[in-house]
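Given the sequences, and given the hints that come with them, work out the whole structure.
Keeping their order, the protein sequence lines are chains A and B.
Going by the working numbering, the first residue of the first sequence is number 33, and it counts up by one from there.
Going by the working numbering, the first residue of the second sequence is number 511, and it counts up by one from there.
Hints may be right or wrong, so weigh each one.
[Stated by the list, open to error] Here are some chain A residues pointing at chain B (derived, C-beta under 10 Å): (1) G96; (2) A97; (3) N101; (4) N102; (5) A115; (6) L128; (7) S276; (8) G342; (9) A360.
Keep in mind that the hints were calculated from the coordinates and are not lab data.
From the three backbone atoms N, C-alpha and C, an ideal C-beta is built for every residue, glycine too.
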Amino acid sequence: MNNEAIDGGRFFALMSWIERRLPALTRLKQPEALPLILNRKRLYVLPTGAGLFIGALLIGMLLGALNYNNNPALLLSFLIASAVHSSLLQGYFNLLGLRVLQLDAEPAHAGERINLTLRLENPDGRARNGLCFRLDERASSLSLAGNTRGHVDLGVVAQRRGYQRCGRIAVFTRHPLGLFRVWSWISPDRQLLVYPAIERDGPPLPLPSTDGNRRWRRSPGEQLHSLRDYRVGDPLRLMAWKRSAQMGRPLVREFEAPTGGQIELDWQTLDGIDNETRISRLTRWLLEAERLGLKTRLVLPSQSFGPDRGDQHRRNCLTALALLPGAASGDAP
Amino acid sequence: MKSPALDRRRFLWCAIAVPTGTLAILPTLPLWLSLLLVLLWAIALPLGLRRITLPMPVRVTVTLAISFALLSSYGFRFGRDTGAALITLLLVLKLFELRSIRDARSAIGFSMFAAMAAFLLDQGPSMLLLSGLACILLLAALAEIADLEAQPATKALPLESPTSGWPVRLRQSLRLLLLALPLAAVGFFLFPRLAQPLWGFPGRASEPRMGLSDEMTPGDIAELFLDDSPAMRVRFLDAVPNPEQMYWRGPVMTQFDGRTWSRSRFLERALPEQFEPLGPPIRYEITQEPTGRNYVMALDVPVSDAAEVGMTNSRFLLSKRPLDDVQRFELASVLDYRLDATPRYLTTMQQRMTELPEGFNPRTRELIQRWRDEGTDDRGMIQRALTLFNREFVYTLEPPILHRHSVDEFLFDTRAGYCEHFSSAFTVMMRMAHIPARVVTGYQGAYYNAVGDHWVVRLSDAHAWSEVWLRGEGWVRVDPTSVVAPERIEQGSDSLREASSWRSVVRPLLDTADWLRRSWNDLVLGFDAARQQRLLQPLGIDPKSWRQIGILLAVAAGIALLVTIWLLRRAAPPPRDPLLRAWDHFVTQLRRAGTRWRANDAPRTISERAARRLPRSAEQIRALSERFIAWRYAGQELDTEARRRLQQDLRRFRIPKDHVPRKRAA
Chain A
33 MNNEAIDGGR FFALMSWIER RLPALTRLKQ PEALPLILNR KRLYVLPTGA GLFIGALLIG
93 MLLGALNYNN NPALLLSFLI ASAVHSSLLQ GYFNLLGLRV LQLDAEPAHA GERINLTLRL
153 ENPDGRARNG LCFRLDERAS SLSLAGNTRG HVDLGVVAQR RGYQRCGRIA VFTRHPLGLF
213 RVWSWISPDR QLLVYPAIER DGPPLPLPST DGNRRWRRSP GEQLHSLRDY RVGDPLRLMA
273 WKRSAQMGRP LVREFEAPTG GQIELDWQTL DGIDNETRIS RLTRWLLEAE RLGLKTRLVL
333 PSQSFGPDRG DQHRRNCLTA LALLPGAASG DAP
Chain B
511 MKSPALDRRR FLWCAIAVPT GTLAILPTLP LWLSLLLVLL WAIALPLGLR RITLPMPVRV
571 TVTLAISFAL LSSYGFRFGR DTGAALITLL LVLKLFELRS IRDARSAIGF SMFAAMAAFL
631 LDQGPSMLLL SGLACILLLA ALAEIADLEA QPATKALPLE SPTSGWPVRL RQSLRLLLLA
691 LPLAAVGFFL FPRLAQPLWG FPGRASEPRM GLSDEMTPGD IAELFLDDSP AMRVRFLDAV
751 PNPEQMYWRG PVMTQFDGRT WSRSRFLERA LPEQFEPLGP PIRYEITQEP TGRNYVMALD
811 VPVSDAAEVG MTNSRFLLSK RPLDDVQRFE LASVLDYRLD ATPRYLTTMQ QRMTELPEGF
871 NPRTRELIQR WRDEGTDDRG MIQRALTLFN REFVYTLEPP ILHRHSVDEF LFDTRAGYCE
931 HFSSAFTVMM RMAHIPARVV TGYQGAYYNA VGDHWVVRLS DAHAWSEVWL RGEGWVRVDP
991 TSVVAPERIE QGSDSLREAS SWRSVVRPLL DTADWLRRSW NDLVLGFDAA RQQRLLQPLG
1051 IDPKSWRQIG ILLAVAAGIA LLVTIWLLRR AAPPPRDPLL RAWDHFVTQL RRAGTRWRAN
1111 DAPRTISERA ARRLPRSAEQ IRALSERFIA WRYAGQELDT EARRRLQQDL RRFRIPKDHV
1171 PRKRAA
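Next up, the structure:
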């Protein structure tokens, strides 16, 4: 998805440098609630490098035509200059009035990428082409036909467990000629939930011995439930190698456990290590247990969940882990 | 950071658009260079599509070698034409290394510059068409590249989607240009013109010279007579003189070396003449085609000179700069006048204007001496000479070749020639009789273009006549040609051609084309500082006040911008779904077969009615309409392939041939 072409990286690097030097520029960029409309107060225009080059050439052409008193040459120069200017207007109207409806985000673990989906609406009859969006060094683009909605996928790296601001999204376009860049900033006041990081190398999930052994053997009662994408921490023995090769991406088998085992993950039992390691170990165990189809009961210092299993349960547990004291609040810049 | 690479599609766009900007320059180049450029382009194209880049030393060598050859063919003189040729060459060579977005953009920019520079060589409307085309293509190429920049390479590009095909792209680009028109017009008409050039005015290294020259050797103008292209266009502001009175005065030749007449720049400055108009002035404006010379043709004789034009003592007009471009002049002339030598310089004038080289034309000298001996006075001499011409001479555009004693041979042997021969011989005869005389070259007559209500003086109207000085009358125009071939003067150069029905048929077309050309000349080429002032005056704007012009420019540009913005914000109607269009086609077929339906009828109603009417196709009609209804109303999702098939089936539906629509009884 990342692409050098739509990047505009150097430009926005320059912009952020300027903003560091002139903090007054950032005062308009307080987080704000969605939906919002890109109005003229928040649109900025500057020529691109190519625009400056064409501009210099146009000045040369105008001077030459004036000097030679050559009317057709003058006419042509004015025509091109005026077309270039209309392209500026066209680019401006390309962004003006665009509605940013909402920002959807899936929580992710710290260190992973949070996938964001920005939903947009073109309320006018004219098409908007070549809309580019840039967040966290990555850009993607979109075209919207008249009176349609669309969405664009963005991503941001999850930093620490807790809440995180999604940051400022640059909306820009160089449509139609690539000579001007019209841009705007969106800072949705949206808090992104970051689950704790998953511990990389640590002791395995303390399975109840009898239950655990049973699980690793194929028993007739156990049914292959489905295949899903590989996630960090999946045991290799669950890999569906043949299917992975066919599909071109790593897949793991998921089993429906006919008889639900149960496991207790207690904050207190993990004594002697620091809190963050505890949290990430509990997180890994929780996910592993969930994958094996076990019911879990998570016991934290002030609350407990379950025993239960399923998405809702997992989300509740992970959220609680994420928000344990010491979490990022997201309000700090 | 390296600029992103160009893909094949964008390379093709650039490879077509970039040379288009230089297309207008191509005809002005030496033939070998034009052919070479086409060849180079034909090589660069497949190389670029296969992304083969020649090694650097090869490219540098080729570039240097061809540039050197080009410069040497222009004799290493730098003029506008050398520059234009060089930029054309470099743009074509640039295609060999056009591989990144940045390369492409700079090539497009310079190509725009080349399209502008082409106008410095020729300003015809055909050039405008070419540069207009170039503009559309270049803007489209810019848009293509901008799209490449905005599309992630990893995403499948919607290459086949109807929004990015080349006709759509060209249409968008044309739209952008049309949107640009109001603002461009404001800039063009209101932007202050320079009264003086900012820097030197480099001419051309090799200038094409057209029309009348500085010299006249009898036998010279002949090729002009065959050239029907216009020399200038004239619009009379008051009364229109008769065509036979239209003598367009060009350079006056006062020196003769036995073979060739030429101007004497010394006499033009040193020998003042007295001028006295005897009639009302006639005002007119001429738009003269480029000649590369300084002569401005005024009606015989001009009373005033325009800015940028000076008048010589022998009353012909010289522009300050060679006429490299089409130029407009507003002039006034009187047809009745008295032009006499200043008394103080009378003897000098008489002496200089009767000078002839020694040892030429003895037989003519003898004849003149005989006439003088018979006691003929000055007037009589003129009369006798004209009578001689009238009696025995033939007007022809293909005269025999003359040798050393050209006048002798012409008068006594060949006795055939055209205006140059007559005026030259006549002037020599007068000078031999000690009557001051000189040759005037210019144009005679004009062709009336009814479509544009203007007069066209063509190169074929080129003419030469004489002026003799008579005591008490001053300089008097004598046109010996008029006694030999009066129809030449009365009907203009057309009389020399056979009238054909073909000409009379296409004449209105030619007239219209000429009128268009004149309008172009008038509106665009002739729009100078003076015309701009006249445009501003009724608005109460002082053309010398920069402030007022600035305000006017800002207001007009603001209005033009509002128009552009209004046009931009208008929503384009969304294109109708092709499947719906196919359905429309289908039900139109049914109506042709006699099924009656109204626009608000449901599809099933229509198809049922049609099925009853066309029992043999009933199954097909029902099946088709059910498929359509399922998509349109039952929300059935169709993939691309299914859509295409349904669309095709609807379009392919035909009424059976043997079905005869029943007329419904009244």
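The hints, checked one at a time:
no.	hint	verdict
1	G96	holds (7 Å)
2	A97	holds (6 Å)
3	N101	holds (7 Å)
4	N102	holds (5 Å)
5	A115	holds (4 Å)
6	L128	holds (9 Å)
7	S276	violated (22 Å)
8	G342	violated (31 Å)
9	A360	violated (31 Å)
In summary, the structure is inconsistent with hints 7, 8 and 9 from the numbered list given earlier, while agreeing with the others.
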